[in-house]
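Visitor: In case you want the letters, here they are:
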Amino acid sequence: MSIEIKDLSYVYSPGTPYASTALKSVSITINEGDFLGIIGKTGSGKSTFIQHLNALIKLQSGSIKVYDIDLTQKKPDLKKLRGTVGMVMQYPEYQLFDETVEKDVSYGPKNLGLSEEEIKGRVREAITLVGLSYDEIKDRSPFELSGGQKRRVAIAGVIAMRPRVLILDEPTAGLDPRGKKEILTLIKKLKETSSPTVIIISHDMDAVAENCDKVAFFSGGEILAEGAPRDLFYDDDLLARTEMEAPAIVKLTKALENRGVTLDSHPINKQEFVQAVKRWRDE
Amino acid sequence: MNNIVFGQYYPTGSVVHRMDPRIKLLAVILYIVTVFFIKDYTMYGAILVFVLGVSCVAKIPLKVLLRTVRTIIFLVLITSIINLFFTRGGKLLVKWGVIKIYSEGIHHAVKLTLRLILLMLFPSLLTLTTTPMELTDAMESLMKPLKVIKVPVHAIALIMSIALRMIPILMEETNKIMLAQKARGADFDSGGVLKKAKAMIPVLVPLFVGAFRRADELALAMDARCYSSVAKRTKYKVMHLSVRDLVGGLICLAVFTVVFLNKYLWAFDSMILALFK
Numbered sequence: 001m002s003i004e005i006k007d008l009s010y011v012y013s014p015g016t017p018y019a020s021t022a023l024k025s026v027s028i029t030i031n032e033g034d035f036l037g038i039i040g041k042t043g044s045g046k047s048t049f050i051q052h053l054n055a056l057i058k059l060q061s062g063s064i065k066v067y068d069i070d071l072t073q074k075k076p077d078l079k080k081l082r083g084t085v086g087m088v089m090q091y092p093e094y095q096l097f098d099e100t101v102e103k104d105v106s107y108g109p110k111n112l113g114l115s116e117e118e119i120k121g122r123v124r125e126a127i128t129l130v131g132l133s134y135d136e137i138k139d140r141s142p143f144e145l146s147g148g149q150k151r152r153v154a155i156a157g158v159i160a161m162r163p164r165v166l167i168l169d170e171p172t173a174g175l176d177p178r179g180k181k182e183i184l185t186l187i188k189k190l191k192e193t194s195s196p197t198v199i200i201i202s203h204d205m206d207a208v209a210e211n212c213d214k215v216a217f218f219s220g221g222e223i224l225a226e227g228a229p230r231d232l233f234y235d236d237d238l239l240a241r242t243e244m245e246a247p248a249i250v251k252l253t254k255a256l257e258n259r260g261v262t263l264d265s266h267p268i269n270k271q272e273f274v275q276a277v278k279r280w281r282d283e
Numbered sequence: 284m285n286n287i288v289f290g291q292y293y294p295t296g297s298v299v300h301r302m303d304p305r306i307k308l309l310a311v312i313l314y315i316v317t318v319f320f321i322k323d324y325t326m327y328g329a330i331l332v333f334v335l336g337v338s339c340v341a342k343i344p345l346k347v348l349l350r351t352v353r354t355i356i357f358l359v360l361i362t363s364i365i366n367l368f369f370t371r372g373g374k375l376l377v378k379w380g381v382i383k384i385y386s387e388g389i390h391h392a393v394k395l396t397l398r399l400i401l402l403m404l405f406p407s408l409l410t411l412t413t414t415p416m417e418l419t420d421a422m423e424s425l426m427k428p429l430k431v432i433k434v435p436v437h438a439i440a441l442i443m444s445i446a447l448r449m450i451p452i453l454m455e456e457t458n459k460i461m462l463a464q465k466a467r468g469a470d471f472d473s474g475g476v477l478k479k480a481k482a483m484i485p486v487l488v489p490l491f492v493g494a495f496r497r498a499d500e501l502a503l504a505m506d507a508r509c510y511s512s513v514a515k516r517t518k519y520k521v522m523h524l525s526v527r528d529l530v531g532g533l534i535c536l537a538v539f540t541v542v543f544l545n546k547y548l549w550a551f552d553s554m555i556l557a558l559f560k
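Top line first, the protein sequences correspond to chains G and D.
In case it helps, this note's numbering puts the first sequence at residues 1 to 283.
In case it helps, this note's numbering puts the second sequence at residues 284 to 560.
Be aware that a few hints might be false.
DSBU-like mimics (lysine-lysine), calculated; alpha carbons at most 35 Å apart, straight line [said to hold, decoys possible]: (1) G:K80 to D:K478; (2) G:K75 to D:K459; (3) D:K342 to G:K24; (4) D:K481 to G:K75; (5) D:K481 to G:K110; (6) D:K346 to G:K75; (7) G:K120 to D:K479; (8) G:K41 to G:K24.
Label pairs and their in silico Cβ distance ranges [said to hold, decoys possible]: (9) D:L501 to G:T185: 32 to 40 Å; (10) D:R496 to G:T42: 19 to 27 Å; (11) G:G113 to D:R371: 55 to 63 Å; (12) D:R496 to G:D236: 35 to 43 Å.
Covered stretches of chain G, going by a simulated chain D footprint (3 or more residues, C-beta under 8 Å) [unchecked claim]: (13) 51-62; (14) 77-88; (15) 92-103; (16) 155-162.
If you're looking for bench data, these hints aren't it; they were derived computationally from the structure.
From the three backbone atoms N, C-alpha and C, an ideal C-beta is built for every residue, glycine too.
Taking the hints into account, I'd like the entire structure generated from these sequences.
Guide: If you want it as structure tokens, here you go:
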């Protein structure tokens with residue numbers, strides 16, 4: 001168990017005419033090794049939720065425990081928390097600021113108070129991990145890179161803090177299909193090598209179905225359902241209630257079913273679908 | 284889009300909120316002039332009652348109104364202390380080494396404090412009851428006569444409204460960037476002034492880069508829709524005067540007239556007294 005959340009509620013600007021409830025008694029446990037996908041329409045509380053995990057938002061009610069850091073305490077160890085939970089915001093390339101890529105990536109580790117040597121090593125490792133050439137890119141200005149490169153550098157800036165939990169808010173937003181694929185491959189690689197637990201917010205149902213082993217459906221500040229994508233994405237009622245669309249593979253399977261082709265399982269990615277169709281053909 | 288309204292605006296939908304912003308703006312300008320003509324404590328009291336009355340009608344909680352005074356508390360303190368110690372005249376009340384406090388000094392300090400607070404309160408009521416967009420529209424409308432002498436009134440108004448519209452966007456952006464850098468371990472709250480200023484660099488650089496990018500995009504979008512500042516255009520919200528504007532305006536005018544009469548008509552006090560006899 002890496003993250004445990006109980007009865008988390010949050011209201012924006014409470015006590016003013018602008019007060020609005022963002023989270024209503026959310027409870028969820030995230031285990032080490034999970035690849036959790038968070039989905040829900042705009043304003044369903046997803047972003048507010050993940051910002052809590054990094055203590056970017058002050059806890060109003062409920063409890064959050066990240067490993068041994070208890071956020072209900074008066075002064076939780078924020079440095080430790082932010083070294084444990086790495087957060088890649090939406091359009092992370094807009095947070096780049098320093099003169100060189102190397103300096104920018106070392107911003108996080110520096111804030112953690114690591115030694116010069118340690119920082120250098122981590123920066124080199126992080127830049128290499130995100131698929132860029134350290135020697136080529138380290139002295140360039142982050143502002144002269146291409147869009148995809150910028151995003152990689154920004155992700156490297158978080159990876160260099162060696163978080164055990166990596167959270168990404170819409171990591172594929174604004175990328176072309178190839179860029180999307182590359183980022184998703186990168187995330188999978190990061191999960192295997194550096195951060196065993198990954199949480200992503202995404203509107204890309206195909207990406208969620210393909211990669212995540214757990215999904216949580218947010219709607220109106222609550223988690224309506226949580227479980228394996230295979231179970232939830234085949235639940236028409238749930239999809240309708242959260243105003244989400246099924247992934248292409250699910251739609252395809254259902255379309256086949258309507259034409260009299262009933263597969264023996266609920267495939268959730270391309271490989272499974274192909275296997276299931278082959279089995280059906282061989283019958 | 285709950286962030287479009289920003290700053291001080293405090294929506295209650297009262298009569299004052301619905302008044303024509305032009306009248307409100309004119310009233311505030313007149314008010315500011317009037318405050319400088321206040322002669323004695325009675326009139327300070329009267330104006331204070333007037334301001335509180337308006338805020339009551341506007342349904343603005345006293346706490347919210349007084350919060351606006353907080354921003355000038357330092358200015359008030361410093362100026363009144365200076366006045367207290369350096370005004371000579373009247374009776375000498377306290378003499379303690381080099382420090383001498385005269386009765387005139389106390390009067391000066393109290394009046395100055397009252398004046399500054401009054402100067403803050405009523406214009407705050409304007410911003411509490413009027414959206415920035417309404418204000419810009421009002422300014423544009425009031426500046427119209429300047430067109431005759433070739434002042435680009437519309438362009439000025441456009442610049443103002445774009446600037447106003449950008450404030451909440453930039454604030455949101457600042458917020459986002461601060462969160463992102465906080466997630467990377469940034470600490471904006473501890474350390475001395477220098478350290479705090481330095482900690483803002485990772486926020487300010489992306490903010491500026493973003494602001495320029497946005498300005499570029501906006502210019503392009505406006506060009507794409509053939510925007511021209513000289514073309515004649517209509518308004519989405521047309522302002523027109525109604526009875527409540529007339530009544531509100533007259534009330535303000537009456538209050539201000541009383542202050543002027545009090546200052547310039549030497550027999551005013553006795554006239555008022557005679558009225559009540």
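Visitor: For each hint, tell me whether it holds in the structure or not.
Guide: Structure-based check of all given hints:
A C-alpha spacing of about 21 Å is found between K80 of chain G and K478 of chain D, which places the hinted pair at or below 35 Å, so the restraint holds. For the hint linking K75 of chain G to K459 of chain D, the alpha-carbon distance of about 23 Å falls within 35 Å, and the restraint holds. The suggested pairing of K342 of chain D with K24 of chain G holds, with an alpha-carbon distance near 31 Å, which does not exceed 35 Å. Taken as a hint, the K481 of chain D and K75 of chain G pair is honoured in the structure, with Cα atoms around 24 Å apart against an allowance of 35 Å.
For the hint pairing K481 of chain D with K110 of chain G, the CA-to-CA distance comes to about 14 Å; that is within 35 Å, so the pair holds. Between K346 of chain D and K75 of chain G the alpha-carbon distance is near 30 Å, which keeps this suggested pair within the 35 Å criterion. Our distance criterion of 35 Å between C-alpha atoms is met by K120 of chain G and K479 of chain D, whose separation comes to about 25 Å. Distance check on the hinted pair: K41 of chain G and K24 of chain G sit about 16 Å apart at the alpha-carbon level, within 35 Å; holds.
Evaluation of the 32 to 40 Å hint for L501 of chain D and T185 of chain G yields a pass: the beta carbon distance comes to about 36 Å. Separated by about 23 Å at the C-beta atoms, R496 of chain D and T42 of chain G satisfy the suggested range of 19 to 27 Å. Between G113 of chain G and R371 of chain D, the C-beta spacing of about 58 Å keeps the proposed range 55 to 63 Å intact. Between R496 of chain D and D236 of chain G the Cβ separation comes to about 42 Å, which falls inside the hinted range of 35 to 43 Å.
Chain D is given as covering the segment 51-62 of chain G, and this holds because 3 residues of the stretch bring a CB closer than 8 Å to a CB of that chain, at least three being needed. Check on the segment 77-88 of chain G: 5 of its residues sit with their Cβ under 8 Å from a Cβ of chain D, so the three-residue criterion for coverage holds. With a cut-off of 8 Å between beta carbons, the segment 92-103 of chain G has 6 residues touching chain D; three or more are needed, and the interface restraint holds. Only residues whose C-beta sits within less than 8 Å of a C-beta in chain D count toward coverage, and the segment 155-162 of chain G has 3 of them, enough to reach three; the restraint holds.
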